[in-house]
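Novice: Single-letter residue listing:
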Amino acid sequence: MTELMPAEGVFSLIWLLIALPLAGAVVLLFGGRRTNSWGPYLGVLTVCASAVLGWLMLLAMLQNPPEERTFDQNLFTWVSVGGFQADMAFQLDQLSMVFVLLITTVGALIHIYSLGYMAHDPDRRKFFGYLNLFVGAMLILVLANNFLLLYVGWEGVGLASYLLIGFYQYKHSAAAAAKKAFVINRVGDVGLSLAIMLMFVTFGSVSFEDVFGAADQASEGTLNAIGLLLLLAAAGKSAQFPLQAWLLDAMEGPTPVSALIHAATMVTAGVYLIARSNAIFDLAQVAATAVIVVGVITVFMGAIIGSAKDDIKKSLAGSTMSQIGYMIAAVGLGPIGYVFGIFHLLTHGVFKAGLFLGAGSVMHGMNDNVNMRRYGALRTVMFITFITFAAGWLSILGIPPFSGFWSKDELIHAAFEESVLVGVLLIIAAGITGFYMTRMFIMTFLGKARWEDDVHPHESPKVMTIPLIILALGSTFLGMALLFWGDIESWLEPVVGFESKEAPLSTAATIGISLAAVIAGVIVAYVMYARRPIPIEAPRGSWLTRAAREELYGNQVNQVLVVTPTLVAAKAATSIDAKGIDGLVNGLAALVGAISGRLRRYQTGFVRTYALSMVGGAVIVVLALVLVRAS
Amino acid sequence: MNVPWLTILMVVPLAGSVLVAFLPKGRGLLAKQVAFAFSLVTLALTVAMALQFSADSAERFQFVESHPWIPAFGISYAVGVDGISLVLIALAATLVPVVILAGWNDVDEGSRGSVKGYFALVLVLEALMIGVFAATDVFLFYVFFEVMLIPTYFLIGRFGGPQRSYAAVKFLIYSLVGGLLMLAALIGLYVVSAQVTGTGTFDFGALVGLEIDPDLQKLLFLGFFLAFAIKAPLWPFHTWLPDAAAEAKPGTSVLLIGVLDKVGTFGMIRYCLEIFPAASEFYAPIVIALALIGIFYGALLALRQHDMKRLFAYSSMSHFGFITLGIFVFTTQGQSGSVVYMVAHGLSTAALFLTAGFLMVRVHGSSLLSDYGGVNKAAPVLAGFFLVAALSSLALPGMVSFVGEFLVLLGAFERYMWVGAVATVGIVITAAYVLRVYQKSMTGPLKPGLEGMRDLGGREVTSLVPIAVLTIVLGFFPAPLLNVINPAVDRVMSTVGMTDPTPTISSTGTSSEGSGQ
Numbered sequence: 001m002t003e004l005m006p007a008e009g010v011f012s013l014i015w016l017l018i019a020l021p022l023a024g025a026v027v028l029l030f031g032g033r034r035t036n037s038w039g040p041y042l043g044v045l046t047v048c049a050s051a052v053l054g055w056l057m058l059l060a061m062l063q064n065p066p067e068e069r070t071f072d073q074n075l076f077t078w079v080s081v082g083g084f085q086a087d088m089a090f091q092l093d094q095l096s097m098v099f100v101l102l103i104t105t106v107g108a109l110i111h112i113y114s115l116g117y118m119a120h121d122p123d124r125r126k127f128f129g130y131l132n133l134f135v136g137a138m139l140i141l142v143l144a145n146n147f148l149l150l151y152v153g154w155e156g157v158g159l160a161s162y163l164l165i166g167f168y169q170y171k172h173s174a175a176a177a178a179k180k181a182f183v184i185n186r187v188g189d190v191g192l193s194l195a196i197m198l199m200f201v202t203f204g205s206v207s208f209e210d211v212f213g214a215a216d217q218a219s220e221g222t223l224n225a226i227g228l229l230l231l232l233a234a235a236g237k238s239a240q241f242p243l244q245a246w247l248l249d250a251m252e253g254p255t256p257v258s259a260l261i262h263a264a265t266m267v268t269a270g271v272y273l274i275a276r277s278n279a280i281f282d283l284a285q286v287a288a289t290a291v292i293v294v295g296v297i298t299v300f301m302g303a304i305i306g307s308a309k310d311d312i313k314k315s316l317a318g319s320t321m322s323q324i325g326y327m328i329a330a331v332g333l334g335p336i337g338y339v340f341g342i343f344h345l346l347t348h349g350v351f352k353a354g355l356f357l358g359a360g361s362v363m364h365g366m367n368d369n370v371n372m373r374r375y376g377a378l379r380t381v382m383f384i385t386f387i388t389f390a391a392g393w394l395s396i397l398g399i400p401p402f403s404g405f406w407s408k409d410e411l412i413h414a415a416f417e418e419s420v421l422v423g424v425l426l427i428i429a430a431g432i433t434g435f436y437m438t439r440m441f442i443m444t445f446l447g448k449a450r451w452e453d454d455v456h457p458h459e460s461p462k463v464m465t466i467p468l469i470i471l472a473l474g475s476t477f478l479g480m481a482l483l484f485w486g487d488i489e490s491w492l493e494p495v496v497g498f499e500s501k502e503a504p505l506s507t508a509a510t511i512g513i514s515l516a517a518v519i520a521g522v523i524v525a526y527v528m529y530a531r532r533p534i535p536i537e538a539p540r541g542s543w544l545t546r547a548a549r550e551e552l553y554g555n556q557v558n559q560v561l562v563v564t565p566t567l568v569a570a571k572a573a574t575s576i577d578a579k580g581i582d583g584l585v586n587g588l589a590a591l592v593g594a595i596s597g598r599l600r601r602y603q604t605g606f607v608r609t610y611a612l613s614m615v616g617g618a619v620i621v622v623l624a625l626v627l628v629r630a631s
Numbered sequence: 001m002n003v004p005w006l007t008i009l010m011v012v013p014l015a016g017s018v019l020v021a022f023l024p025k026g027r028g029l030l031a032k033q034v035a036f037a038f039s040l041v042t043l044a045l046t047v048a049m050a051l052q053f054s055a056d057s058a059e060r061f062q063f064v065e066s067h068p069w070i071p072a073f074g075i076s077y078a079v080g081v082d083g084i085s086l087v088l089i090a091l092a093a094t095l096v097p098v099v100i101l102a103g104w105n106d107v108d109e110g111s112r113g114s115v116k117g118y119f120a121l122v123l124v125l126e127a128l129m130i131g132v133f134a135a136t137d138v139f140l141f142y143v144f145f146e147v148m149l150i151p152t153y154f155l156i157g158r159f160g161g162p163q164r165s166y167a168a169v170k171f172l173i174y175s176l177v178g179g180l181l182m183l184a185a186l187i188g189l190y191v192v193s194a195q196v197t198g199t200g201t202f203d204f205g206a207l208v209g210l211e212i213d214p215d216l217q218k219l220l221f222l223g224f225f226l227a228f229a230i231k232a233p234l235w236p237f238h239t240w241l242p243d244a245a246a247e248a249k250p251g252t253s254v255l256l257i258g259v260l261d262k263v264g265t266f267g268m269i270r271y272c273l274e275i276f277p278a279a280s281e282f283y284a285p286i287v288i289a290l291a292l293i294g295i296f297y298g299a300l301l302a303l304r305q306h307d308m309k310r311l312f313a314y315s316s317m318s319h320f321g322f323i324t325l326g327i328f329v330f331t332t333q334g335q336s337g338s339v340v341y342m343v344a345h346g347l348s349t350a351a352l353f354l355t356a357g358f359l360m361v362r363v364h365g366s367s368l369l370s371d372y373g374g375v376n377k378a379a380p381v382l383a384g385f386f387l388v389a390a391l392s393s394l395a396l397p398g399m400v401s402f403v404g405e406f407l408v409l410l411g412a413f414e415r416y417m418w419v420g421a422v423a424t425v426g427i428v429i430t431a432a433y434v435l436r437v438y439q440k441s442m443t444g445p446l447k448p449g450l451e452g453m454r455d456l457g458g459r460e461v462t463s464l465v466p467i468a469v470l471t472i473v474l475g476f477f478p479a480p481l482l483n484v485i486n487p488a489v490d491r492v493m494s495t496v497g498m499t500d501p502t503p504t505i506s507s508t509g510t511s512s513e514g515s516g517q
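First to last, the sequence lines map onto chains A and B. The first sequence: position 2 = 2 (my numbering), numbered continuously. The second sequence: position 313 = 313 (my numbering), numbered continuously.
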């Protein structure tokens, strides 16, 4: 069993990991205009410092044997009432360690990139403040040692996401997208709230240690209920079916935000939540199966939407949905899949961040146009962006030896161990991935230029390309590094467990089939977009294309099932209030007014008369009471 | 030495109000300065008293004073505080100086009411608010409860908007009806106490645990409860609130909704539950149903309001639903959560009404959402405070309102799982209406005509900062509240004879600080 280690040495600074970016956020957001000049650098510095601290902790953690790598730091009692207690306490173990490194390292790179990307934005101080707030909240989320504190991080990242999606808030669309994201996420949060309550009612505690330690004593029905509620929460945060509709609109935010929050880190919090709660899902078959179903549905929805969008960011957002679907499906597989879900989460975090930042670099050169039909031939003018994007493209496709190959291949193989159906579906989706990512790559970098007249594309400054290069290196080598050098399976095993079964297909066969599917997708895209000219106006397309452009009618479904009924109820309540309740009150008042007109002659205007009648009334009431009692 | 803390806390603002009232006409500025100074002294004294409060004391009430008032009826001037009344007094003492500072220019000389009149009334109200929470004699409580109406009536009716007179009379009549019911029940209670113990009394301590015939108990409970349900407005006794909030000055609304209405929920937990435990249990299902209706009804109406002040009133109604729910589920989490929620709601109401007030003052007093848009562009500091207020209202984790709301929902869930689950869905609608206000007023393109809008000035920022700081600090460190509230709630629970449900798996639940598995 894992042992909880006291937080000593470098681990006594776990709190500082969180405090650094949060302190940056406080200074930037409350410091006002006087911090305009140096504020962004402070933001970058604090996140970089957190990253350095994180890597130091990794080195220290490696000194301990695997079962002694869980460090517990209890700062103070936060909420304590009756039998309920939640502490301001953190837990750093192998699982949170990899998240800390992903969040702070990718976060630091994106901060640096933003120095260039946001250089001319008048509100860039606020931007960095929000970004720091996000990093701090995300670290609370992955470091909390109990579910209530996790909830603080959970809604904290939601707040940061809200603020950053709505960053260009003078645009109606951005403000609306921000609100939509928050409200849909709140639906997921209801799931998390109820899961926490059910845990308390069942286990008498909401700390990871107590809940997971006693999970085997709870009834399967309870565990399934907790699992399904956690899945609802995960679906909200990770934009999984049926709570997926906010992610595409979230692309209204600045591109570095899309890279950090809506691709690499925040949207993967659902995967973390399920992997963290493995003790529950391992014993909750219904919930675990539901996790797989939700994941697989979203894999396809995201891929289909990504195939039809001409907006480069929205296409990437569809891809993110789809890739997170892979991870969710993987963690639904149980101990066979947890480590590979997390493995894919890490490689995806790096290559998708690279792809988004690449898209940002392209937009930077194209006057912020996001329409890929007006791109083309950009390999000629932005070579670094082209090469780094290519690394991300090959990685997400799963071409060996790029990072995505290792994680996706392991993930699909694990799926075959549990269920052939799931494995086959994931391979088909890999083919679609090959199609839409190649389509994007061709439309953006290859073919002929379809630029608008006043556009003069150029390579981005070094402050942006250097993070791109680093992420491209990650997209290329991280998979191998984690698998062969980092030994990700045995690293995570003490936290999430790991087992492996005989699969109906050999590893080589899985690799062969999924590569064949991917290459088929690439060829289709090549034939459709590289061999033919790309029209500037999108053709009407098949019914599937049109449905995919409409994001598979997710918004319409929400409108009909949720928004309209709520507004109808609100309208009904408004009319009940005005005509019913208040109407009755005012009617009563009018009646009294009419009667009192007649009674006016009894009103002398002397206080003593009124006092007398009040006393008289009170006496009658008392008499009545006594009579009732006497009878 | 026994310092009569509570009497001093009432006398100081009262003396201040007399002084302000007797200032010569035309010395508006001086009146404001004097009022502000007295409110600050009261706050300082409250803090000094709170620091003397001992959370683990075996005595139910601390800082007790008792002097016979009308011995013939067993009425005394008896005051004292437990943790619940202490935090509510602290809330009142905090909000009054904030309101005075924020409303510095809300009343001009030569308008309907005089400057000194407004500030004198606010101080009178402060003394009465402290008295109503401090009273430990039920008759004294009733007197404060009713007398409070007078300054409030004038604050709405003299210094309010165009429909102020309608709103003030509506408020007064609603309150008087409730007060009359309570008076009748109060007299009945006295008669019962005389029958049971031989000598009639209004002393709260003596009335707790009084054996009252169950049927009579139900009747007396209703008398008290209806008065409180009108005050805290519970559905369907609420229609005075939107009118009052829409017409009153922002500062008046803060005191009215932020503090005065809490007398209703305070009365439920202090008087209804402890004096009529059997009746409370009997009526709990109905009260819970009304609270649930109120949560959703208020939230849905808030979703459709075009007038910010009315919107905030309906949102408060929804929040009062949560508070009442927490009280009547009879769990320590629910009741402690309710009291924390009362404080949190006081703070968030203050933040919302005051920022909205600062906004309106810049646009000819309009409170219509359609007159605003893109304010963030012109007045980012104002928009920032508005956002903090909005987030506090939607109970974002990390704010004190979250602690209150989560505990209420948890308390409800552990007693009646489905009630808790349904109430939790309310948090989605809350987010929808709160963010709708922010979106419509603060974001989007700047509304034409708002270009030259000034951002908040030093006085305005100074009045909002303490609220924002308290909201966040108590969100991460609610111990100063919970440490004093928990023992008081434990007493209520034991009087009512209820205990928390035990967890399904009872072997765990040990401290999470354990050293290993």
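Because the hints were derived from the structure by calculation, they are not lab data. Bear in mind the structure is a predicted one, so any value in this text is a computation, not a measurement. Some hints here could point you the wrong way.
SDA-like, lysine to any residue: derived pairs with alpha carbons at most 20 Å apart [unchecked claim]:
hint : chain 1 : residue 1 : chain 2 : residue 2
1    : B       : Lys447    : A       : Tyr170
2    : A       : Lys126    : B       : Leu172
3    : A       : Lys126    : B       : Leu446
Okay, the calculated beta carbon distance ranges per label pair [stated by the list, open to error]:
hint : chain 1 : residue 1 : chain 2 : residue 2 : range
4    : B       : Gly452    : A       : Glu537    : 41 to 51 Å
5    : A       : Ala516    : B       : Phe476    : 26 to 36 Å
6    : A       : Ala569    : B       : Leu446    : 30 to 40 Å
7    : A       : Gly587    : B       : Val11     : 39 to 49 Å
8    : B       : His306    : A       : Ile581    : 46 to 56 Å
9    : A       : Thr566    : B       : Asp307    : 34 to 44 Å
10   : B       : Pro480    : A       : Gly587    : 26 to 36 Å
11   : B       : Ala479    : A       : Leu45     : 50 to 60 Å
12   : A       : Thr566    : B       : Ala37     : 22 to 32 Å
13   : B       : Ser494    : A       : Asp121    : 38 to 48 Å
14   : A       : Ile581    : B       : Asp307    : 13 to 23 Å
15   : A       : Pro565    : B       : Pro501    : 29 to 39 Å
Note that the Cβ used here is the ideal one computed from N, Cα and C, for glycine as well.
Novice: For every hint, state whether the structure bears it out.
Specialist: Here is what the structure says about each hint:
Restraint check for Lys447 (chain B) and Tyr170 (chain A): the C-alpha separation of about 10 Å stays at or below 20 Å, so the hint holds. For the hint pairing Lys126 (chain A) with Leu172 (chain B), the CA-to-CA distance comes to about 47 Å; that exceeds 20 Å, so the pair is violated. Only pairs whose Cα atoms come within 20 Å are accepted, and Lys126 (chain A) paired with Leu446 (chain B) is accepted, the gap being roughly 19 Å. For the pair Gly452 (chain B) and Glu537 (chain A), the beta carbons lie near 44 Å from each other, so the given range of 41 to 51 Å is met.
At about 54 Å, the CB distance of Ala516 (chain A) to Phe476 (chain B) disagrees with the hint of 26 to 36 Å. Under the hint 30 to 40 Å, the C-beta atoms of Ala569 (chain A) and Leu446 (chain B), about 33 Å apart, fit the expected range. The given range of 39 to 49 Å is respected by Gly587 (chain A) and Val11 (chain B), whose C-beta atoms sit roughly 45 Å from each other. Take His306 (chain B) and Ile581 (chain A): their Cβ atoms lie about 19 Å apart, and the range 46 to 56 Å is violated.
Taking 34 to 44 Å as the suggested C-beta distance range, the pair Thr566 (chain A) and Asp307 (chain B) does not conform, at roughly 20 Å. For the pair Pro480 (chain B) and Gly587 (chain A), the supplied restraint of 26 to 36 Å is violated, since their beta-carbon distance comes to about 48 Å. For Ala479 (chain B) and Leu45 (chain A), the Cβ-Cβ distance of about 33 Å falls outside the hinted range of 50 to 60 Å, so the restraint is violated. Taking 22 to 32 Å as the suggested C-beta distance range, the pair Thr566 (chain A) and Ala37 (chain B) does not conform, at roughly 49 Å.
Between Ser494 (chain B) and Asp121 (chain A) the Cβ separation comes to about 59 Å, which falls outside the hinted range of 38 to 48 Å. Between Ile581 (chain A) and Asp307 (chain B) the CB atoms are about 18 Å apart, so this pair conforms to the stated range of 13 to 23 Å. Range check, Pro565 (chain A) to Pro501 (chain B): about 34 Å between beta-carbon atoms, so the 29 to 39 Å window is met.
Hint violations for this structure: numbers 2, 5, 8, 9, 10, 11, 12, 13, all remaining hints satisfied.
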